[in-house]
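Q: Produce the complete structure using the sequences and hints provided.
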Amino acid sequence: GAVVSQHPSRVICKSGTSVKIECRSLDFQATTMFWYRQFPKQSLMLMATSNEGSKATYEQGVEKDKFLINHASLTLSTLTVTSAHPEDSSFYICSAKRALGQGNTEAFFGQGTRLTVV
Amino acid sequence: QKEVEQDPGPLSVPEGAIVSLNCTYSNSAFQYFMWYRQYSRKGPELLMYTYSSGNKEDGRFTAQVDKSSKYISLFIRDSQPSDSATYLCAMSWMDSSYKLIFGSGTRLLVRP
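Quick note, the sequences are listed as chains U and E, same order.
Residues in the first sequence are numbered from 9 upward in steps of one, following this note's numbering.
Residues in the second sequence are numbered from -12 upward in steps of one, following this note's numbering.
I should point out that these hints are in silico values taken from the structure, not numbers from a laboratory.
Among the clues, some could well be false.
The calculated BS3-like cross-link candidates involving lysine-lysine, where the alpha carbons are at most 27 Å apart (straight line), are [said to hold, decoys possible]:
hint: 1; chain 1: E; residue 1: Lys43; chain 2: E; residue 2: Lys29
hint: 2; chain 1: E; residue 1: Lys29; chain 2: U; residue 2: Lys74
hint: 3; chain 1: E; residue 1: Lys43; chain 2: U; residue 2: Lys72
hint: 4; chain 1: U; residue 1: Lys63; chain 2: U; residue 2: Lys49
hint: 5; chain 1: E; residue 1: Lys29; chain 2: U; residue 2: Lys22
hint: 6; chain 1: E; residue 1: Lys57; chain 2: U; residue 2: Lys49
hint: 7; chain 1: E; residue 1: Lys57; chain 2: U; residue 2: Lys72
hint: 8; chain 1: E; residue 1: Lys(-11); chain 2: U; residue 2: Lys28
hint: 9; chain 1: E; residue 1: Lys86; chain 2: U; residue 2: Lys28
hint: 10; chain 1: E; residue 1: Lys(-11); chain 2: E; residue 2: Lys54
hint: 11; chain 1: E; residue 1: Lys86; chain 2: U; residue 2: Lys63
hint: 12; chain 1: E; residue 1: Lys86; chain 2: U; residue 2: Lys74
hint: 13; chain 1: U; residue 1: Lys28; chain 2: U; residue 2: Lys72
hint: 14; chain 1: U; residue 1: Lys49; chain 2: E; residue 2: Lys29
hint: 15; chain 1: U; residue 1: Lys49; chain 2: E; residue 2: Lys86
Keep in mind it's a predicted model, so treat the numbers as computed, not measured.
A: Given below as structure tokens:
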């Protein structure tokens, strides 16, 4: 299957600093990528949809100035958590949409990034 | 009411048992139905993908969709300890956005 690589897998940062997370589709072009957040023992909550070459679409309640998303190429989307606080500590996961032909698409997920803000 | 409801478990079964995992949903506009497996601290892995009502089989896994009841199931035959993970159902509309709405996930433990 297609590979989506997310980096870093784990990061610890100090409160008030910014952290950038990268999501790359390694063997296909992804015009659309998604960013999710997952708290312990809870499901994935969609934060935003990232479209190559345009502004991201944020879900209700997600601060776009705090979670900056850039999708500058067909294989790379980045999520920057600005001025991170301990409540931003979570598991962040990206996914990339791939067209499979015949009208079918599939979303492939990265391995996730564990962010801990201290 | 959540759009997608899923029992969080945990569900503990002996090795070799048949496992039944279920989700219900409220939005009749959902057209695509998926099951993902997620190991601890890893990203979800797609197991099954269905579009229409009925059954779809892939090895030890069978996905079942009943659109009239807004109910989907995943059956795992001959369960193995390596199947121990969290299973997430996900749904999407029939549009180009491909936004996925996830259930809360069911933790499965298969005991040797």
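Q: Each hint should be assessed against the structure and marked as holding or not.
A: Status of the hints after comparison with the structure:
no., hint, result
1, E/Lys43 to E/Lys29, "holds, 26 Å"
2, E/Lys29 to U/Lys74, "holds, 24 Å"
3, E/Lys43 to U/Lys72, "violated, 40 Å"
4, U/Lys63 to U/Lys49, "violated, 31 Å"
5, E/Lys29 to U/Lys22, "holds, 24 Å"
6, E/Lys57 to U/Lys49, "holds, 24 Å"
7, E/Lys57 to U/Lys72, "violated, 34 Å"
8, E/Lys(-11) to U/Lys28, "violated, 31 Å"
9, E/Lys86 to U/Lys28, "holds, 23 Å"
10, E/Lys(-11) to E/Lys54, "holds, 17 Å"
11, E/Lys86 to U/Lys63, "holds, 16 Å"
12, E/Lys86 to U/Lys74, "holds, 21 Å"
13, U/Lys28 to U/Lys72, "holds, 14 Å"
14, U/Lys49 to E/Lys29, "holds, 13 Å"
15, U/Lys49 to E/Lys86, "holds, 21 Å"
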